[in-house]
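Participant: Sequence:
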Amino acid sequence: MPVLLGLLLFSMLLTPGDSLECETCIATSSNCSGKMMTCSANEDTCAVSLTESKADQISVQSIAKGCSSTKACGQGPYSINLGKMFTSRGVAVCCKGANCSSISVPLPPVNNTVNGKKCPVCYSMLSPCSSSDVAECTGAEDRCLDLSIKSGTIKITMKGCTTKSYCDALSQNVKNTFKEAASGMIDGKCTEASDSLECETCIATSSNCSGMLMNCSANENTCAVSLTESKADQISVQSIAKGCSSTKACGQGPYSINLGKMFTSRGVAVCCKGANCSSISVPLPPINNTVNGKKCQACYSMLSPCSSSDVAECTGAEDRCLDLSIKSGTIKTTMKGCTTKSYCDALSQNVKNTFKEAASGMIDGKCTKANKAPPSSRFPLLALSWLLLVKILL
Numbered sequence: 001m002p003v004l005l006g007l008l009l010f011s012m013l014l015t016p017g018d019s020l021e022c023e024t025c026i027a028t029s030s031n032c033s034g035k036m037m038t039c040s041a042n043e044d045t046c047a048v049s050l051t052e053s054k055a056d057q058i059s060v061q062s063i064a065k066g067c068s069s070t071k072a073c074g075q076g077p078y079s080i081n082l083g084k085m086f087t088s089r090g091v092a093v094c095c096k097g098a099n100c101s102s103i104s105v106p107l108p109p110v111n112n113t114v115n116g117k118k119c120p121v122c123y124s125m126l127s128p129c130s131s132s133d134v135a136e137c138t139g140a141e142d143r144c145l146d147l148s149i150k151s152g153t154i155k156i157t158m159k160g161c162t163t164k165s166y167c168d169a170l171s172q173n174v175k176n177t178f179k180e181a182a183s184g185m186i187d188g189k190c191t192e193a194s195d196s197l198e199c200e201t202c203i204a205t206s207s208n209c210s211g212m213l214m215n216c217s218a219n220e221n222t223c224a225v226s227l228t229e230s231k232a233d234q235i236s237v238q239s240i241a242k243g244c245s246s247t248k249a250c251g252q253g254p255y256s257i258n259l260g261k262m263f264t265s266r267g268v269a270v271c272c273k274g275a276n277c278s279s280i281s282v283p284l285p286p287i288n289n290t291v292n293g294k295k296c297q298a299c300y301s302m303l304s305p306c307s308s309s310d311v312a313e314c315t316g317a318e319d320r321c322l323d324l325s326i327k328s329g330t331i332k333t334t335m336k337g338c339t340t341k342s343y344c345d346a347l348s349q350n351v352k353n354t355f356k357e358a359a360s361g362m363i364d365g366k367c368t369k370a371n372k373a374p375p376s377s378r379f380p381l382l383a384l385s386w387l388l389l390v391k392i393l394l
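Number 90 in UniProt numbering belongs to position 90 of the sequence shown; there are no gaps in the numbering.
I should point out that these hints are in silico values taken from the structure, not numbers from a laboratory.
Be aware that one or more of the hints could be misleading.
Stated by the list, open to error - With a Cα cut of at most 30 Å, we get these calculated DSBU-like pairs of lysine-lysine:
1) Lys248 x Lys150
2) Lys189 x Lys84
3) Lys84 x Lys150
4) Lys294 x Lys366
5) Lys164 x Lys71
6) Lys71 x Lys54
7) Lys273 x Lys117
8) Lys332 x Lys261
9) Lys71 x Lys150
10) Lys332 x Lys294
Unchecked claim - DEER-style ranges, computed between Cβ atoms:
11) Glu192 x Asn371: 40 to 50 Å
12) Gly293 x Ser127: 45 to 55 Å
13) Leu213 x Asn111: 46 to 56 Å
Backbone N, C-alpha and C define an ideal beta-carbon position, used for all residues, glycine too.
Modelling step: build the complete structure from the supplied sequences, incorporating the hints.
Facilitator: Set out below in structure tokens:
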């Protein structure tokens, strides 16, 4: 693996002017010699590329010489980081004439200092790779790389961290000239790496909680605090949750759920970052019991999909009918009733719950516009009230 990738990843940045001749060779060592090759019209310089690749604690150096473009070999040091699976660092130096034979190409220094950026990481030799693993970027690595390499009958795909310099050279779409030694085709794209985000994570049936810091995933760009108040059988319970979230989820505004006389819940999730999350005051949305003319089917079941002729009269901003199922451990709860557009918008984001230690549940639901609907069973829902908003908003 390190030999193949080391040769292909960086030699392909040496591109395949008029009448320019360059020595052309490729080898798994720190030097090589080869025949002179006439360069194509878009190549204005010769270049030497030196890399060191590491996989499974084995390091391999590789060198390539050939025709290039100053846009490719003038980008500076490169590195690629696939976490514990594979790392590679290198540089391509422009040169001309006899200077190319004697030029000394120093490898860029190793820099293992984590810089706070993170990228999805994976590797496959059979099919497009996919993984939930994350690589912690180091040094100057501030880009996420999604790369595919075809060499003969082998197709390699990989994702990880890399430097802007490698991406800039890659964006030149430079063709490889070392077809005799490395008949590979390379295709890739780069995106900016995200900053590492940590959020306090906790959940409690009270108005405040404290917990440990948790690293957020790549699609979570903010911390959030969610506060809810749920009421069943004339008993009200407040619950709070803190954790990683998406601005699309915690920026939707106040929410409410109304299953008629059986159960009501109101809440809000507020985005925050840093120390502000510990001290932020989250106000519950005001109670609004004003009937708005909308109606939805209302039911609840802990055993099977619920169905009922009961109807909930929607209140306040509730203009959607909710059909929700929640699985928590071995318990599956289904319910129907009125809710707000803001809750449905958060639900449509399919935001994954980050509080797996405290709430190992799965939630699925859909919303339809409320109008006139079919008319009641009673039940205690307080034990599940924290799932309704916590698992969607955060």
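Participant: Next, verify each hint and record whether it holds.
Facilitator: Evaluation of the provided hints:
For the proposed pair Lys248 and Lys150, the alpha carbon gap of about 38 Å is over 30 Å, so the pair is violated. Taking the CA atoms of Lys189 and Lys84, the gap is near 22 Å; set against the 30 Å cutoff, the hint holds. About 23 Å separates the Cα atoms of Lys84 and Lys150, which keeps this hinted pair within 30 Å; it holds. For a cut-off of 30 Å, the pair hint linking Lys294 to Lys366 stands: about 17 Å separates their Cα positions.
At most 30 Å may separate the alpha-carbon atoms for a hinted pair to count; Lys164 and Lys71 meet this at roughly 13 Å. Of the pairs offered as hints, the one joining Lys71 and Lys54 holds, with about 27 Å between alpha carbons and a cut-off of 30 Å not exceeded. Pair hint Lys273 plus Lys117 holds up; C-alpha atoms about 17 Å apart against a cutoff of 30 Å. For the hint pairing Lys332 with Lys261, the CA-to-CA distance comes to about 22 Å; that is within 30 Å, so the pair holds.
Distance check on the hinted pair: Lys71 and Lys150 sit about 23 Å apart at the alpha-carbon level, within 30 Å; holds. The suggested pairing of Lys332 with Lys294 holds, with an alpha-carbon distance near 28 Å, which does not exceed 30 Å. The beta-carbon spacing between Glu192 and Asn371, approximately 45 Å, falls within the hinted interval of 40 to 50 Å. The hinted range of 45 to 55 Å is satisfied by Gly293 and Ser127, whose Cβ atoms lie roughly 54 Å apart.
For the pair Leu213 and Asn111, the supplied restraint of 46 to 56 Å is violated, since their beta-carbon distance comes to about 26 Å.
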